[in-house]
Amino acid sequence: MTLPTEPASDPVPGRAAHAAHAHDEPGLLTLSVWTERRPGQGEDAEPLLIHHQDTAHGLLAVFDGLGGSGSATAWHDGLGEPRSSAWVASRLARLGTESWFAGQYEEHRARDPRVSTLPGHLRWLFRAFEPTARRSKVVGSMRRQLPTTLAALRYAVREGRLECEAMWAGDSRAYLLTSDAGLRAVTRDHTDETDALAQLVQDPQMTNVICADREFQVDFHRRDFTGGRYVLVCATDGFFGYVHTPGDFEHVLLSTLSRAGSAAAWADDLAATVSAYTGDDASLAVVALGYQDFAEVRRHMAPRFAELHQWTSAMPDPRDGEAMRRWRAASWDRYREEYEAWMPPLPGAPTESGPDEEPRTEGGGK
Amino acid sequence: MNPAAAPYQGNLQYAVDIVLCIDATGSMNPVLGSVKESALTFQQRLEAVMRDKGKAISQLRVRTVAFRDFGDNEDDAIEQTGFLTLPEQAEEFRGFLGGIQARGGGDRPESGLEALALAVGSPWESGLDRRRHVIVMFTDAPAHPLGGPHSALQRYPAAVPRSADELFERWGYAGSQEAVMEQSAKRLVLFAPDEEPWNEMQEDWDMTLHFPSKAGHGLEEFEMDEIIDTIANSL
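Chains A and B supply the protein sequences, listed in that same order. FYI, this note's numbering numbers position 72 of the first sequence as 72, with every residue one higher than the one before it. Take any residue in the second sequence, note its place counting from 1, add 1000, and you have its number in this note's numbering.
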């Protein structure tokens, strides 16, 4: 089934919208949050959550259409509304990811080389759409046709073991949230800068995104986990790119979890919280596996939240720039090792991980 | 506002340095007039567009390098300012622009690459977060190649490199060692005709946007709103 099935709240027509959804059954809790900054102009696609009940396989994903390099109008919708290249791209990538995943369970499609790999399928889809997209007058090396990020986690639960594969292009991220070590990234942004705090401070240009007019790649990183209870997270930079330190995003996740009474309330609070601090569209997908219900997730994460909250409560006045810089550096220094522990290695860097943890790249584009 | 969000508000604004390279030869009257008219409102207009994109500016500084043609008259080939902080120095900015007269130019290629080289060597902001170092080139003409006979003139700037390759090295690329521009901060926005060197630069140089114009028409097809929106999209 494609989740979520029950909206926790609906967009209000004519206003900057947010949509929050949640699903809670024994063994499977999901939620998604989608917010837009300008009414009707949200360039993130709604998060994608799919869970295949029969095989305990699933996928969660987010998509962030890139408004700077994809600001030109690409399409007019059925009501005549102009839609930017970024707006179209994120929806196209969502459609492509969903149809690719579904195709994995149809024998004839799984064998079709055009659609058997995710980047191959996206390439085919984006090229099919591109001729109808209007070209911008602006050209140049920063310009992209239908540019979007993608961050996804494909998972399968087998005998209590979680097989997990991260797939990404651009600077959207996938994580696992653990009760002992907190939030651990399993993707690595496609930017020249590789330090997550420096990325926050610089907001660097991406070196690889999904698009219709250039080569692109989708990176893959597989890890297997044991333990029986897992929380998987995918998010666009609207959630983690407008905070002081990388650890603040985990604080947002856990503070909202700690005060929620249900998965739906958690989703609603996340939407309200991110809308209050972000400067961008923001989207988030969460899948918790192996928990009896929402209350067990909250209980399981409570000690970690207490520890994290103690760290963040030492933050100085944000108006004191020098004190903030020192605090950010110290906070990142303490947080970094666990945060990066499951990240894929840097390209070309020697790795001590086993073959299951090797990242690989599959190309796409023209 | 949700109390939980309070610690994150107002975080990480953009420190924006812009160098306007303006062709001040005779045909450029239309865009020069438009830029002059916008001098006092430039900061508010850019901030408004940025705000609409969810980005706040912590500091905005503007520098102007007006250029004509060393081959025509080396004495007025370059007129420039240092960085002026807006809005505090908006009157100084307007005063400088007001003094630029569109004149001369001689043959069609102008000294645009010299202006670009001077812009690359600007004393860019280096301390604040989310720095953006933006060079905006306004011209309706191709440019003389670097290292030509003009480079021997007495008033030719010593800081200008002697070849296009050397200028490219100063602009830099991922992993380059000789770049003077900061890779994550730099942007080049060209309002220039689809002619050399601009049409090659827009693909060969990274972080570049090119709005092709009609050669010899003074960029009269561009509205200031369009120019500001293009600059904002580059940030």
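What the hints contain is simulated information worked out from the structure, not anything from laboratory work. Beta carbons are placed, not taken as given, at the ideal position from N, Cα and C, and that holds for glycine. Careful: at least some of the hints might be erroneous.
[What the hints assert, rightly or not] In silico DMTMM-like links for lysine to aspartate or glutamate, alpha-carbon gap of 20 Å or less: (1) Lys137/A / Asp1194/B; (2) Lys1036/B / Asp1076/B; (3) Lys137/A / Asp1076/B; (4) Lys137/A / Glu1226/B; (5) Lys137/A / Asp1225/B; (6) Lys1053/B / Glu81/A; (7) Lys137/A / Glu1092/B; (8) Lys1036/B / Glu1092/B; (9) Lys137/A / Glu1196/B; (10) Lys137/A / Asp1206/B; (11) Lys1214/B / Glu1226/B; (12) Lys137/A / Asp1229/B; (13) Lys1214/B / Glu1196/B; (14) Lys137/A / Glu1200/B; (15) Lys1053/B / Asp1225/B; (16) Lys137/A / Glu1091/B.
[Said to hold, decoys possible] Covered, in the sense of this in silico footprint (three residues per stretch, anywhere, with C-beta under 8 Å from a C-beta of chain A), are these stretches of chain B: (17) 1054–1066; (18) 1123–1133; (19) 1176–1186; (20) 1204–1210.
Hints and how they fare:
no. : hint                  : verdict
1   : Lys137/A / Asp1194/B  : 12 Å, holds
2   : Lys1036/B / Asp1076/B : 19 Å, holds
3   : Lys137/A / Asp1076/B  : 33 Å, violated
4   : Lys137/A / Glu1226/B  : 11 Å, holds
5   : Lys137/A / Asp1225/B  : 15 Å, holds
6   : Lys1053/B / Glu81/A   : 19 Å, holds
7   : Lys137/A / Glu1092/B  : 34 Å, violated
8   : Lys1036/B / Glu1092/B : 12 Å, holds
9   : Lys137/A / Glu1196/B  : 18 Å, holds
10  : Lys137/A / Asp1206/B  : 18 Å, holds
11  : Lys1214/B / Glu1226/B : 16 Å, holds
12  : Lys137/A / Asp1229/B  : 13 Å, holds
13  : Lys1214/B / Glu1196/B : 13 Å, holds
14  : Lys137/A / Glu1200/B  : 16 Å, holds
15  : Lys1053/B / Asp1225/B : 15 Å, holds
16  : Lys137/A / Glu1091/B  : 34 Å, violated
17  : 1054–1066             : holds (count 3)
18  : 1123–1133             : holds (count 3)
19  : 1176–1186             : holds (count 3)
20  : 1204–1210             : holds (count 7)
Of the hints listed earlier, those the structure fails to meet are numbers 3, 7 and 16, in rising order.
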